[in-house]
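Chemist: Below are the chains, spelled out letter by letter.
There are 2 protein chains.
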Amino acid sequence: MEFITIIGLAAGFCTTAAFLPQAIKTWKTKSAKDLSLGMYLIFCTGVLLWLTYGILISDLPIILTNLATIILAVSILYFKLSYND
Amino acid sequence: MEFITIIGLAAGFCTTAAFLPQAIKTWKTKSAKDLSLGMYLIFCTGVLLWLTYGILISDLPIILTNLATIILAVSILYFKLSYND
Numbered sequence: 000m001e002f003i004t005i006i007g008l009a010a011g012f013c014t015t016a017a018f019l020p021q022a023i024k025t026w027k028t029k030s031a032k033d034l035s036l037g038m039y040l041i042f043c044t045g046v047l048l049w050l051t052y053g054i055l056i057s058d059l060p061i062i063l064t065n066l067a068t069i070i071l072a073v074s075i076l077y078f079k080l081s082y083n084d
Numbered sequence: 000m001e002f003i004t005i006i007g008l009a010a011g012f013c014t015t016a017a018f019l020p021q022a023i024k025t026w027k028t029k030s031a032k033d034l035s036l037g038m039y040l041i042f043c044t045g046v047l048l049w050l051t052y053g054i055l056i057s058d059l060p061i062i063l064t065n066l067a068t069i070i071l072a073v074s075i076l077y078f079k080l081s082y083n084d
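Residue numbers (numbering that gives the first Met the number 0), protein chains in the order written: chain A, 0 to 84; chain B, 0 to 84.
There's no promise every hint is true.
Unchecked claim - Okay, derived cross-link-like pairs now, DSBU-like style, lysine-lysine, Cα gap no bigger than 30 Å in a straight line:
(1) B:Lys79 x A:Lys29
(2) B:Lys79 x A:Lys32
(3) B:Lys27 x A:Lys24
(4) A:Lys32 x A:Lys79
(5) A:Lys29 x B:Lys32
(6) A:Lys24 x B:Lys79
(7) B:Lys27 x A:Lys32
(8) B:Lys79 x A:Lys27
(9) A:Lys32 x B:Lys29
(10) A:Lys24 x B:Lys29
(11) A:Lys79 x B:Lys27
(12) A:Lys27 x B:Lys29
(13) A:Lys29 x B:Lys29
(14) B:Lys32 x A:Lys24
(15) B:Lys29 x A:Lys79
(16) B:Lys32 x A:Lys32
(17) A:Lys79 x B:Lys79
(18) A:Lys29 x A:Lys79
To be clear, the hints were calculated from the coordinates, so they are not data collected in a lab.
Assemble the whole structure, with the sequences as input and the hints as a guide.
Modeler: The following block contains the structure:
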C-alpha cells in the first residue's frame, strides 16, 4: 500500500474514532451541559451529506467511515438531548 | 456547478463549521468538564493527518477545510486543557 494512502486511511480512522471516547464519556457521566447542541446538529447534518456524497460517487471509504461517524455522532446528539442538565 | 459537487461542498462546510458553536460555547462558559480530552487529542491528530494528506496529493479543498477545522479543534483542545473544571 502506498505511503500516501496509509496517511489518508490513518486520517479517516482518527477523525472517525475520535467520537468514541466522547460517546463513552457522555454515556458514563450522563452529563452533557458543556457539549454544544449546535455543533452536533450541524455535524450530524454534515456527516449525512458526506454519506449522500459517498453514495452518489460510489466511494466505499467515504460511505464506510461516515456510516461509523454518524452512529457515534447521533449517539452523542441523543445523549445531549437526554442528559442536558 | 454539478449537483454532486454542491453536496460535497455542503458536507465539508458543515463538518468544519460545526466546531465553531462548540468553540464559542466553551470560550464563553469557560467550562469544559463534559468534553472528552481523548476525543480532541485524537481528532486534532486526524485533522493534521488530513492536512498532510491534502498537501501530499495537492488537493486544495482538503487543505483549506482542514486548515479551518484544525484552528477550531485546537482552540477547543486548548480550552479543555485550560478550563478543565
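Chemist: Mind listing which of the numbered hints don't hold for this structure, in increasing order?
Modeler: none
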